[in-house]
Amino acid sequence: MVTRVLLVSTNYAPEQAGIGPYATQIAEHWAETGRAEVHVLAGMPHYPNWRVAEDYRGVWRTEEEPAGVRLHRRRHFVPARQTAVRRALYEASILAHGVVAPPRMPAPDAVVAQLPSLAGGALGARLARRHGVPYIPVVQDLMGAAAAQSGIRGGGRAAAAARAVESRVLRRATLVGVIHETFVPRVAAMGVDEKRIRVVPNWSHVSGPTRPRAEMRARLGWREGQTVLLHSGNMGLKQGLEVLVEAARTDPTLRVVLMGDGNQRAHLAALGAGLPNLDFLPPADAGEFTDVLAAADVLAVTQRSSVLDMSVPSKLTSYFAAGRPVVASVAGGGGTAEEMRRAGAGVTVPPEDPAALLEAVRKLAGDSEAADVLGARGPVYVREHLSSEAGLGRITALLDEALGGAGDKALDEAPDGAGEPVVHNRPVVHRRKAAGEPAVESVTHTDKTG
Numbered sequence: 000m001v002t003r004v005l006l007v008s009t010n011y012a013p014e015q016a017g018i019g020p021y022a023t024q025i026a027e028h029w030a031e032t033g034r035a036e037v038h039v040l041a042g043m044p045h046y047p048n049w050r051v052a053e054d055y056r057g058v059w060r061t062e063e064e065p066a067g068v069r070l071h072r073r074r075h076f077v078p079a080r081q082t083a084v085r086r087a088l089y090e091a092s093i094l095a096h097g098v099v100a101p102p103r104m105p106a107p108d109a110v111v112a113q114l115p116s117l118a119g120g121a122l123g124a125r126l127a128r129r130h131g132v133p134y135i136p137v138v139q140d141l142m143g144a145a146a147a148q149s150g151i152r153g154g155g156r157a158a159a160a161a162r163a164v165e166s167r168v169l170r171r172a173t174l175v176g177v178i179h180e181t182f183v184p185r186v187a188a189m190g191v192d193e194k195r196i197r198v199v200p201n202w203s204h205v206s207g208p209t210r211p212r213a214e215m216r217a218r219l220g221w222r223e224g225q226t227v228l229l230h231s232g233n234m235g236l237k238q239g240l241e242v243l244v245e246a247a248r249t250d251p252t253l254r255v256v257l258m259g260d261g262n263q264r265a266h267l268a269a270l271g272a273g274l275p276n277l278d279f280l281p282p283a284d285a286g287e288f289t290d291v292l293a294a295a296d297v298l299a300v301t302q303r304s305s306v307l308d309m310s311v312p313s314k315l316t317s318y319f320a321a322g323r324p325v326v327a328s329v330a331g332g333g334g335t336a337e338e339m340r341r342a343g344a345g346v347t348v349p350p351e352d353p354a355a356l357l358e359a360v361r362k363l364a365g366d367s368e369a370a371d372v373l374g375a376r377g378p379v380y381v382r383e384h385l386s387s388e389a390g391l392g393r394i395t396a397l398l399d400e401a402l403g404g405a406g407d408k409a410l411d412e413a414p415d416g417a418g419e420p421v422v423h424n425r426p427v428v429h430r431r432k433a434a435g436e437p438a439v440e441s442v443t444h445t446d447k448t449g
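Numbering of the sequence shown is given in numbering that gives the first Met the number 0, commencing with residue 0 and proceeding in unit increments.
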């Protein structure tokens with residue numbers, strides 16, 4: 000019997016950054032393998048530029064069927080600037096529309112939710128409780144910690160409220176997935192029994208580079224002999240990208256490239272106005288994304304010094320696949336620094352310290368052989384620990400376990416290379432019988448009237 004699964008994820012394709020690619024690959028994997036009838040409750044595409052994609056502006060609800068997945072989109076507020084109040088309105092609008100207009104589908108056998116959207120987590124818990132089925136949240140970012148650590152305006156006041164909602168959502172779960180073991184103590188402190196927490200790391204969702212570096216550099220206008228330091232992805236508050244602007248200001252011979260979008264892009268552009276060695280590029284197309292990464296000399300991942308254990312940047316999985324050395328300007332005790340140590344594909348320097356960052360970049364630029372050795376470790380780490388087969392196998396095993404019993408075999412047979420400890424205490428959750436339920440018709444429509 001085919002299992003019917005509802006995945007709740009505010010972010011989904013065509014979004015190419017952050018959580019969207021992971022949610023998309025999970026849903027499509029389950030649909031392609033024929034193991035599940037997959038429904039997804041998602042928001043309108045808006046990340047990382049925090050603007051609703053042109054094709055979806057004015058749209059209230061859609062039902063689509065890409066790659067065999069039944070995709071239910073619901074409109075929500077998208078703040079152009081991030082403050083605690085605006086973030087609360089964003090979450091509230093997701094929750095409100097999801098409650099008023101839940102997915103039009105037969106009852107699911109299980110509900111999986113991708114956090115950090117607290118509203119998505121609450122919707123997933125609500126729908127699972129309504130149908131009496133397992134609820135499995137997968138924690139990509141810890142929102143309570145994010146409110147306190149990210150530097151968002153009003154975040155200190157919002158942190159307690161976010162933690163309260165997050166704790167309630169996670170305590171309702173059958174099993175809780177977390178993408179890094181550094182999240183486990185935080186989740187356990189919210190009242191979740193550690194026996195119900197599973198580590199399900201993200202994977203590299205991109206392929207390796209295919210074009211010669213010299214060819215791509217020429218196309219991008221990066222002259223030979225000039226060191227290029229590239230940051231790719233969201234330009235948000237928690238990234239603390241001012242350190243890269245200051246690095247460009249300090250060393251005019253270094254070319255600093257910020258590729259992507261986000262709510263801090265305009266601020267960063269204003270901060271670096273007049274710097275001829277600071278470039279802003281739009282997100283690269285999926286087909287040449289890793290080619291652009293590989294064309295750089297050094298790849299940068301940055302975080303504010305206050306960011307400790309709230310997130311592990313998804314960009315790292317792509318950076319490692321590109322085969323270039325990484326400089327991580329991050330706190331030494333967080334999950335990002337731990338991933339850097341495991342991969343051995345770069346160096347870590349103190350956060351928000353332009354001088355330390357520049358020193359590391361100059362050392363790599365001055366010793367191309369050592370830089371190549373570090374960069375080459377990235378693809379090896381991807382093959383051994385971050386393959387999509389391993390990552391999707393872990394998520395599938397998590398679902399199987401929550402459905403009861405079937406997960407034992409799936410976990411034992413999941414591809415090797417998790418690279419993380421996995422707790423094996425497995426509560427038995429009995430699966431709701433789905434026999435006799437009506438079939439779902441294939442429906443595609445767009446509602447702009449609400």
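Think of the hints as simulated: they come from the structure by calculation, not from any bench.
If you're wondering where the values come from, they're calculated on a predicted model, not measured in any experiment.
Every residue, glycine too, gets a C-beta built ideally from N, C-alpha and C.
Mixed in with the good hints there might be a few duds.
[Unchecked claim] If you anchor each label on the Cβ, the simulated ranges turn out as follows:
#1 GLY273 - PRO349: 26 to 32 Å
#2 GLU287 - ALA187: 38 to 44 Å
#3 GLU383 - GLU31: 50 to 56 Å
#4 LYS194 - GLU31: 27 to 33 Å
#5 ASP284 - VAL98: 34 to 40 Å
#6 ASP352 - PRO211: 41 to 47 Å
#7 ARG80 - GLY331: 28 to 34 Å
#8 ASP192 - GLY343: 33 to 39 Å
#9 PHE279 - ALA369: 26 to 32 Å
#10 ALA52 - SER206: 35 to 41 Å
#11 GLU31 - ALA100: 43 to 49 Å
#12 ALA265 - GLY331: 30 to 36 Å
#13 GLU383 - GLY220: 33 to 39 Å
[Stated by the list, open to error] Taking lysine to aspartate or glutamate and the DMTMM-like style, the derived pairs with C-alpha atoms no more than 20 Å apart in a straight line are:
#14 LYS362 - ASP250
#15 LYS362 - GLU223
#16 LYS362 - ASP352
#17 LYS194 - GLU351
#18 LYS362 - GLU351
#19 LYS194 - GLU214
#20 LYS362 - GLU180
Here's how the hints hold up against the structure:
1. A hinted range of 26 to 32 Å holds for the C-beta pair GLY273 and PRO349, which are about 27 Å apart.
2. For the pair GLU287 and ALA187, the beta carbons lie near 42 Å from each other, so the given range of 38 to 44 Å is met.
3. Look at GLU383 against GLU31: about 24 Å separates their beta carbons, and that is not inside 50 to 56 Å.
4. In this structure the supplied range 27 to 33 Å holds for LYS194 paired with GLU31, their Cβ-Cβ distance being about 32 Å.
5. Range check, ASP284 to VAL98: Cβ separation about 37 Å, and the 34 to 40 Å hint holds.
6. Restraint check, ASP352 to PRO211: a C-beta distance of roughly 34 Å breaks the suggested window 41 to 47 Å.
7. Take ARG80 and GLY331: their Cβ atoms lie about 31 Å apart, and the range 28 to 34 Å holds.
8. Against the hinted window of 33 to 39 Å, the Cβ-Cβ separation of ASP192 and GLY343 comes to about 34 Å, which satisfies the hint.
9. Between PHE279 and ALA369 the beta carbon distance is about 30 Å. The supplied range of 26 to 32 Å therefore holds.
10. Checked against the given bound of 35 to 41 Å, the beta carbons of ALA52 and SER206, roughly 24 Å apart, lie outside it.
11. Between GLU31 and ALA100 the C-beta distance comes to about 28 Å, which lies outside the given range of 43 to 49 Å.
12. Taken as a hint, the range 30 to 36 Å holds for the pair ALA265 and GLY331, whose Cβ atoms sit roughly 31 Å apart.
13. At about 35 Å, the beta-carbon gap between GLU383 and GLY220 stays in the expected band of 33 to 39 Å.
14. A hinted pair counts as satisfied when its Cα atoms are at most 20 Å apart, and LYS362 with ASP250 qualifies at roughly 14 Å.
15. With a C-alpha separation of about 18 Å, the suggested pairing of LYS362 with GLU223 holds against the 20 Å cut-off.
16. With a CA separation close to 16 Å, the supplied pair LYS362 and ASP352 stays within the 20 Å bound.
17. With a CA separation close to 37 Å, the supplied pair LYS194 and GLU351 exceeds the 20 Å bound.
18. Between LYS362 and GLU351 the CA atoms are separated by roughly 19 Å; this keeps the pair inside 20 Å, and the hint holds.
19. Only pairs whose Cα atoms come within 20 Å are accepted, and LYS194 paired with GLU214 is rejected, the gap being roughly 51 Å.
20. At most 20 Å may separate the alpha-carbon atoms for a hinted pair to count; LYS362 and GLU180 exceed this at roughly 32 Å.
Violation of the numbered hints given earlier is confined to hints 3, 6, 10, 11, 17, 19, 20; the remaining hints are satisfied by the structure.
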